[in-house]
Amino acid sequence: MTETTYRDAIRQALLDAMQADPSVILIGEEVGLYGGAYGVTKGLIDLFGPDRVIDAPISEAAIVGAAVGAAMTGLRPVAELMYVDFIGMTMDQLANQAAKSRYMFGGQIGVPMVLRTQGGTGRSAAAQHSQSLEAWVLHTPGLRLIMPATVNDAYHLLRQSLTQSDPVVFIEHKGLYTMKGALDVDMPDGPWGQPVTRRKGRDLVIISYSRMLHESLAAADRLAASGVEAEVIDLRCLNPMDDAPLIEAVKRTGRAMVVTEAVVTGSVASEIAARLGEVCFDWLEEPVLRVGGEDIPIPVSPALERGSIPSATLIHDTALWLVTRKAPTWAA
Amino acid sequence: MTETTYRDAIRQALLDAMQADPSVILIGEEVGLYGGAYGVTKGLIDLFGPDRVIDAPISEAAIVGAAVGAAMTGLRPVAELMYVDFIGMTMDQLANQAAKSRYMFGGQIGVPMVLRTQGGTGRSAAAQHSQSLEAWVLHTPGLRLIMPATVNDAYHLLRQSLTQSDPVVFIEHKGLYTMKGALDVDMPDGPWGQPVTRRKGRDLVIISYSRMLHESLAAADRLAASGVEAEVIDLRCLNPMDDAPLIEAVKRTGRAMVVTEAVVTGSVASEIAARLGEVCFDWLEEPVLRVGGEDIPIPVSPALERGSIPSATLIHDTALWLVTRKAPTWAA
Amino acid sequence: MTLVQTIAAANTAAVGRYRTMRRIRSFEERVGELFLKGESAGSMLHLSIGEEAVVGMTEAMQPGDTFTTHHRGHGVFLGRGADPARMMAEIAGKQDGYCRGKGGSMHIADRALGHLGANAIVGGGIPHIVGAGISYRNAGSGQISVAFFGDGAMSQGILYESMNMAALWRLPVVFCCINNQYGMGTRVDRSAGNRDFPARAAAFGLKTARADGADVEAVHDAARALTMDARDGRPGFLEIDAYRFFGHARMDKSPYRSAQEEAEGRARDPLAHARNRITAEGIATEAELGGIDADAGAEMDLALTHAIAAQPPALATMFEDVYAPGSPAPRPQAARLSAILSEGVRA
Amino acid sequence: MTLVQTIAAANTAAVGRYRTMRRIRSFEERVGELFLKGESAGSMLHLSIGEEAVVGMTEAMQPGDTFTTHHRGHGVFLGRGADPARMMAEIAGKQDGYCRGKGGSMHIADRALGHLGANAIVGGGIPHIVGAGISYRNAGSGQISVAFFGDGAMSQGILYESMNMAALWRLPVVFCCINNQYGMGTRVDRSAGNRDFPARAAAFGLKTARADGADVEAVHDAARALTMDARDGRPGFLEIDAYRFFGHARMDKSPYRSAQEEAEGRARDPLAHARNRITAEGIATEAELGGIDADAGAEMDLALTHAIAAQPPALATMFEDVYAPGSPAPRPQAARLSAILSEGVRA
Ligand SMILES: Cc1ncc(C[n+]2csc(CCOP(=O)(O)OP(=O)(O)O)c2C)c(N)n1
Ligand SMILES: Cc1ncc(C[n+]2csc(CCOP(=O)(O)OP(=O)(O)O)c2C)c(N)n1
Ligand SMILES: [Mg+2]
Ligand SMILES: [Mg+2]
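Sequence lines, in order, name chains A, B, C and D.
Just so we're aligned: 454 in the working numbering is position 122 of the first sequence, and the numbers increase by one with no gaps anywhere.
Just so we're aligned: 373 in the working numbering is position 41 of the second sequence, and the numbers increase by one with no gaps anywhere.
Just so we're aligned: 512 in the working numbering is position 151 of the third sequence, and the numbers increase by one with no gaps anywhere.
Just so we're aligned: 487 in the working numbering is position 126 of the fourth sequence, and the numbers increase by one with no gaps anywhere.
Isolated chain A (complex conformation) (with noise of 0.2 Å):
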């Protein structure tokens, strides 16, 4: 049991990875000399040299190419996409190719590959450095989406996706690589594949993953205060997802809140929220409420940022609501 950070238990995990399979490449822009723009893969270059840690050209489509072909000839590559808004020059490559390549050819060819990448606000990096683009990827069967929110679960998470058969979307955020905490190697917070509580309650649920579960877990201690017990879940294995402890705390509960920080039309809270209303309907006292991020693009300036995904303000009040009925100030 250490104390480290969310970045180094990542690399921590690749490189404790890297050691124990050499079938373990990593393949991605900046990766090698750089260390990664967030400094993710310091020093792996020097511990395993180019072969191994490739420095790519700024050809992201053809990385995520490379890697499922070096995936489907006995490697296991990592491959790293610098930011997740660069998804979308990849699309074709993960989506039509990555994910589906096992199904086209009957089971003959699987694809055991890991895109890392990172998303999320908080460094005014604007409209294409600040985004949550997980739901493209919930969307896309073959592909398995991994979204860590502790410093155990960066390790653990991507310790556990470089033993998976099939591609691995594995997304960081940026605004948590220099988050402390506890990493213990030999315990993962949960089994793979299954949501976490990360603290129990009576009154409500609010389900969340990635850096809005630090939002949630900040709201519900708050809620705590006004005598609101709220259990956080975080969801950390996307898809395919294992909504059944979704499902037991809802129906235990009879509320329930779904939190990202992406754009909340068409998001992974609008999933959770259905899925939620069609099982757990009896039991529901109040609707399933999705708190995300507005339906703009991100802004520059820090403030409209910062304004434009949910606080743990909003969420500690929108939960207050809910439970109480009592209306925030912000109520229109």
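There may be inaccurate statements among the hints.
[Stated by the list, open to error] To give a feel for the contact side, a few chain A residues facing chain B, derived at Cβ under 10 Å:
#1 Ile419
#2 Met421
#3 Met423
#4 Tyr435
#5 Val517
#6 Met519
#7 Pro572
#8 Gly598
#9 Glu610
#10 Glu618
#11 Pro629
#12 Val632
I should point out that these hints are in silico values taken from the structure, not numbers from a laboratory.
Every residue gets a Cβ at the ideal spot worked out from N, C-alpha and C, and that includes glycine.
We have chain A; now place chains B, C and D with the ligands onto it with these hints.
For chains B, C and D with the ligands alone, coordinates are given in the frame of chain A:
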């Protein structure tokens, strides 16, 4: 009022728009000499010449990028993507460039372009030529998403798309091109941006769009035979979505189903179910159900392909179950 | 080997290439029949008739080498040893086809023979050989990987991204462009600002060659040189200059090109060319070649009969192969709806 | 014009280019200060110091011509007449910046001056000039459109798709690659299989030139020829061979390159080069150039002060400009949640 096909209605809309507005140009693969992979643009190059009907190399990303630049400089380009399955190569130009330019540039530069494409199953075209990927577009602020289901809408919604100041993604269905129907060039089916009720009913609302509208209407006819009156609503304009008519109908009937041909997880149906669950909660007698494509790639085998998407029978059985609690034969 | 033996070996090889080209053409003719009989899975069937000289490249490859193809890949796969019966069954969407009836003509693959997959996305399979090249380079296995694609893919940016990586990383790969002069209805002069394709590849640092697609031996000579270089980490590009004898797919009657152009194009027939050469040089007689033709026809008739008689896949198989065996299959919609609506589950 | 007048005009122009280059450098230095003062919107600020000779291209363009730039586009925009105060305000994320504080350094644009937009996607703005070229070709307006991008974009496939279209359709466009030898920490020899970039463009059918980025007059001569050809429908490619004096962005200290390499690179300073030439040829005196330097410094100090004093955008403006004026703005989340939860609306 003339009887024509969905294909010819689209062709007529392009022809009339090009005659009415010299700034309208077509750019895409095989739109000229070949007349379009599905014959939609047949003969237009003879009428308007190669400068306005531009046969493009197989460069989807640059085709959309060129349309963006043409739209920024005074033209009204209609870019054609032969299959929506190819949108993965263009998502950067579509979602990072076309959709965000007006916003990033503080409103200075609009991108009045239309991206015409077609999707869906029905031709045993397999996993890379049969998809329904509108959910990616729905999740992108700045884009408009139009999916016509009728001959009259095919004409009018395309003409209206060609008067918009912002990028429109116009998705046709390959299974509808030969469908016959009435075209009244003076009378749209409904106002731009709004859904249209295709059938009135008191017992439940079936919300659908594109080809699934017709499966839903067929199901509604059979439901009527069993004394169940289904209201059927055609979304037509999916993003931005005017959900007021949906909400009114659901509050009135208390039961709703959303039908899509797309992979159901993360689909348009999920978004609508989530919204209705939020807004109509106190009016719902039953959960809002999603009926969609299975969560798999599309197989080439005709039988498997058919089996992987909703049929009128599945919609009928599910609706009957929802309203009468009579379980169908396939109930597990 | 003595000179005599060398010549003998070359002659046998030449006859072998003729046989493979004939088998490809006979196969493609049967694919046409399959479609006309209404037994094919769909109409997106792209015949490689006129492009059989690609055998010059497939025969320059070694066991263990891998490849990807475009949508017009039947000939390439037969050239690498495919079983025509399993291919035809796949094209008919049957359970015992190469891909269990899930892929069809545009998505045939075979791990065992090194076929990493046909692709319905123009250019989609090209970057995969870059990754394969990394595997082989890192393993020092001596294998190469070859991407087969058409002239249309010369307009896809991912080709140049891939060429640059191959040259930069000295990968054991070859890019093989089968230029049949058309992308659907678009002749190359209407899609290329500069038709000198090898010049493009050279500008990215590849070894390049262009070969006459009517002459399988010329293709083979160029392919041998390029594959040898590739094994040594000098990646290459080969353009096979051919002609698409028939329409783009089964529905296309090629109204966009003249009868005269087609006649001239079809005159550049790699089978006729090889046949003349082989008989002229006395390597084999007309009668011997006639026997080869008959055998090929009979073999492909059997493949056709097999495909038509074969069973379609069971409906439930649609949920298999989305994820690897062992991981739960996607939940069928009927099960989801039942779980929501069944009386039992309601409060 | 008499020879004397021609020379006089050329000399004035040379001094003008020196002035613009100095204004660019002074501006970029103030951007650095803005960041150090914590007044910039974020740290993704890419300075074009060392690349000022791009002025040779911007001055070869005419009023009405349009252009797109990459993320390192401050110099290009100043070269086309930008107002430094509004630029600096945008970089600070302020309401009266060019983009109302929504775009920032990487997304500056100005319809009036023909700036179709800076782009944070490497290669993202390149195909836009193809579309602009179609507009100008069809209108016969005589305008051209120029894409400015870095050496890193030479690895983006969309560049080659765009070059091919430009050559195929004879569009009035120029592709201008500012090769500063690095893409972040990757020197061109580690990203290009073949570093001869003009050879790539030529293979796609473009007119090409490479110019010394330390010599603004050499860049201008090459740019004049290429822009003239482009106006006649012969599109071109220009590589400006420069050096990135400082780190990639404000956070980068360039540990991946040697002090000696940096010293050599910075010795190739377009300002020093122009200054020496102008004084040596007696076009202007050190004192006169010193005056230009002082004016530029003063001008950019004002821009900096303005940007810091300027107002941030009002929160509600975040919902504007998603769609054109007249169409309903996206519904704020607070309104959606209120509509769901307010007592009034419940049954
Ligand atoms: C990315 C993509 N764009 C367009 C298509 C539609 N399409 C299928 S084949 C084809 C022509 C391809 O021409 P070429 O690459 O020369 O191959 P050929 O058919 O001539 O063998 C086109 C445009 C596609 N399948 N994929
Ligand atoms: C598509 C894309 N990939 C990667 C990045 C991250 N990135 C930003 S600038 C840069 C280097 C670009 O180098 P170059 O094109 O030479 O421009 P320079 O910074 O040298 O001016 C990279 C990799 C990006 N912004 N967009
Ligand atoms: Mg071709
Ligand atoms: Mg550079």
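Interface hint status, Gly598 (chain A) versus chain B (Cβ within 10 Å): 3 Å, holds
Supplied contact hint for Val632 (chain A), tested at 10 Å Cβ to chain B: Holds, about 8 Å.
Cut-off 10 Å, beta-carbon criterion: hint that Ile419 (chain A) touches chain B: Because about 7 Å separates Ile419 (chain A) from the closest Cβ in chain B, which is inside the 10 Å limit, the hint holds.
Interface hint for Glu618 (chain A), Cβ within 10 Å of any Cβ on chain B: 7 Å, holds
Hinted contact Met423 (chain A) with chain B - closest CB pair below 10 Å: Holds: closest Cβ of chain B sits about 3 Å from Met423 (chain A), inside 10 Å.
Status of the Val517 (chain A) interface restraint (C-beta, 10 Å, chain B): With a minimum Cβ separation of about 33 Å from chain B (threshold 10 Å), the hint on Val517 (chain A) is violated.
Supplied contact hint for Pro629 (chain A), tested at 10 Å Cβ to chain B: 5 Å, holds
Hint check, Glu610 (chain A) versus chain B [nearest Cβ-Cβ separation less than 10 Å]: Hint holds; Glu610 (chain A) Cβ to chain B Cβ min 5 Å, cut 10 Å.
Hinted contact Met421 (chain A) with chain B - closest CB pair below 10 Å: 5 Å, holds
Restraint check, 10 Å cut-off on beta carbons, for Met519 (chain A) near chain B: 31 Å, violated
Agreement of hint Tyr435 (chain A) with chain B interface, Cβ distance less than 10 Å: It holds, given that the least Cβ distance between Tyr435 (chain A) and chain B is near 4 Å, below 10 Å.
Hint validity - Pro572 (chain A) Cβ closer than 10 Å to any chain B Cβ: Where the cut-off is 10 Å and the nearest Cβ of chain B is about 8 Å from Pro572 (chain A), the hint holds.
Violated hints, listed in ascending order, are 5, 6; each of the other numbered hints is respected by the structure.
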